[in-house]
Amino acid sequence: MSLWQYANPRKFLATSERVLPALWAGAVLCLLVGLTWGFAFTPDDYRQGSTVKIIYLHVPSALMAINAWLMMLVASLVWLVRRHHVSALAARAAAPVGATMTVIALATGAIWGQPMWGTWWAWDPRLTSFLILFLFYLGYIALWSSIDQPDTAADLTSVLCLVGSVFAILSRYAVNFWNQGLHQGASLSLDKEENVADVFYHPLLICIAGFVLLFLALVLYRTGTEIRARRIRALLLRQGAEV
Amino acid sequence: MRALLKRDLTLALRAGGGFGLGLAFFLIVTVMVPFAIGPQPELLARIAPGVLWIGALLACLLSLDRLLALDWEDGSLDLLATAPLPLETAMATKALAHWLTTGLPLTVAAPLLGVLLHLPAPGHLWLTLSLALGTPALSMIGTFGAALTVGLKRGGLLLSLLVLPLYVPTLIFGAELARRGAEGLATQTPMLMLAGLTLGTCALLPFASAAALRISLR
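Those protein sequences? They're chains Y and R, same order as listed. Mind the numbering: the first sequence is residues 1 to 243 in the UniProt record's numbering, read in order. Mind the numbering: the second sequence is residues 1 to 218 in the UniProt record's numbering, read in order.
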């Protein structure tokens, strides 16, 4: 038994089909509980009023936007090193999800920023680097969709993902240097002192768990779709059809 | 390697379009800006470093799709890939030739265009320095982008989408160096960062470009 047995598409599909219902259920449950608790049963912040509640969407989606790219980076590396097709397809499947998370984070941030900072958008380092991350997602998705040969596409996007990661980190620090921030520091961290108050903290954790489960479910589901699309393509090719 | 460099330079000089086009584009962008913004000297002087950097960046970008696409079409890329010269070296040489035909002329022309935009006198030196330090990185990153998209039908537009986000750090440090120089502020940090960026891309990106090109040629 090792992790690599799931590189077999058949094994991957069988397992993911068994796991998926649980993931969907967990995601829906966590999001329902977390969001209801967060929106309806937590007090307003004494300065931010009820706008503070957008944290339950903003923080988890921002977290997943970055982690989706990390997951794509790992999957790309696995593809380049071990040539497992499932890995390349998982990276492809994760990209639109990550891009959507980035948009959610940017949009909820803008909606919160309008009453709080008095502006929809500021060229703050965090905001700017998220926008750049979104551009990286767009380029990655565009490259995938413009190459017909699946293996070539997987190779080229993996190389782009590796180089892009380095430049994304560079941009993060360059942007930090370029402009002073308006965005507050981290709301969550492993050492307790920086955390938000407990009333907000517990529902937030549940929301984050919900977003993680949702992300996993979406990626597994989309990877399954990609594998099936690849099979259909192979079948068509075998029958001598034009693809 | 020398032969490849010479060939690329000769092609760029004689085939027309490649060499002068980037410069002309740079000029026209710079001329268009006052029309859009207004002719007030103090306003133009403030935005001059940024405008010239954006102009240089776009001029670099414009010439990228010709960098490998022409060689791809006539098959000389396949020859390069099978030549005894490592593909990494070939990519570095290509990038060098691209820099010599776009980055270097832009760097030399920038002070002249700075005059058009009322860039203050000390700014010219810093602008030239920042472009001289930064444009090699632009060529290196651009070669990587060109290698990624060389086999594609609609490569041109995609190339911009891929390459521009990669240009962000170079643009930030380059324009910041030129701006600080023009305003007489401390320039050491952005200068060192820009130089580091250029050296880093020169050292590492040829490998990524060669890897991407090998995949494209397969």
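Simulated from the structure, these hints should not be mistaken for lab results. Using N, Cα and C, we set each Cβ at its ideal position, and we do this for glycine too. Be a bit skeptical, because a hint or two may be false.
To give an idea of the interface, some chain Y residues facing chain R are shown, with a C-beta separation under 7 angstroms as derived from the structure [unchecked claim]:
1) 117
2) 118
3) 129
4) 131
5) 132
6) 139
7) 144
8) 148
9) 153
10) 156
11) 169
12) 170
13) 171
14) 178
Now the hints, each set against the structure:
1. For residue 117 (chain Y), the suggested interface contact is broken, since its CB lies about 23 angstroms from the closest CB of chain R, more than 7 angstroms.
2. At about 25 angstroms, the closest approach between the beta carbon of residue 118 (chain Y) and any beta carbon in chain R exceeds 7 angstroms, and the interface hint on this residue is violated.
3. Annotation: interface hint on residue 129 (chain Y) violated; nearest CB of chain R at approximately 9 angstroms, more than 7 angstroms.
4. At its closest, the beta carbon of residue 131 (chain Y) sits 10 angstroms from a beta carbon of chain R; the interface hint therefore is violated under the 7 angstroms criterion.
5. Given hint, residue 132 (chain Y) at the interface with chain R, holds; its Cβ is 6 angstroms from that chain's nearest Cβ, closer than 7 angstroms.
6. Hint on residue 139 (chain Y) holds. Least Cβ distance to chain R is approximately 4 angstroms, under the 7 angstroms limit.
7. The criterion of a C-beta within 7 angstroms of any C-beta in chain R is not met by residue 144 (chain Y), whose closest approach is roughly 11 angstroms, and the hint is violated.
8. Residue-level restraint check for residue 148 (chain Y) is violated (minimum Cβ-Cβ distance to chain R is 9 angstroms; threshold 7 angstroms).
9. Interface restraint check: residue 153 (chain Y) against chain R, minimum CB-CB distance 9 angstroms, threshold 7 angstroms, status violated.
10. Given hint, residue 156 (chain Y) at the interface with chain R, holds; its Cβ is 6 angstroms from that chain's nearest Cβ, closer than 7 angstroms.
11. Here the hint on residue 169 (chain Y) is broken, as its CB sits about 9 angstroms from the closest CB of chain R, past 7 angstroms.
12. Nearest Cβ of chain R to the Cβ of residue 170 (chain Y): about 4 angstroms, under the 7 angstroms cut. The hint holds.
13. The beta carbon of residue 171 (chain Y) comes within 5 angstroms of a beta carbon in chain R, closer than 7 angstroms, and the hint placing it at the interface holds.
14. The interface hint given for residue 178 (chain Y) holds, since its Cβ lies 5 angstroms from the closest Cβ of chain R, which is under the 7 angstroms cut-off.
Hint violations for this structure: numbers 1, 2, 3, 4, 7, 8, 9, 11, all remaining hints satisfied.
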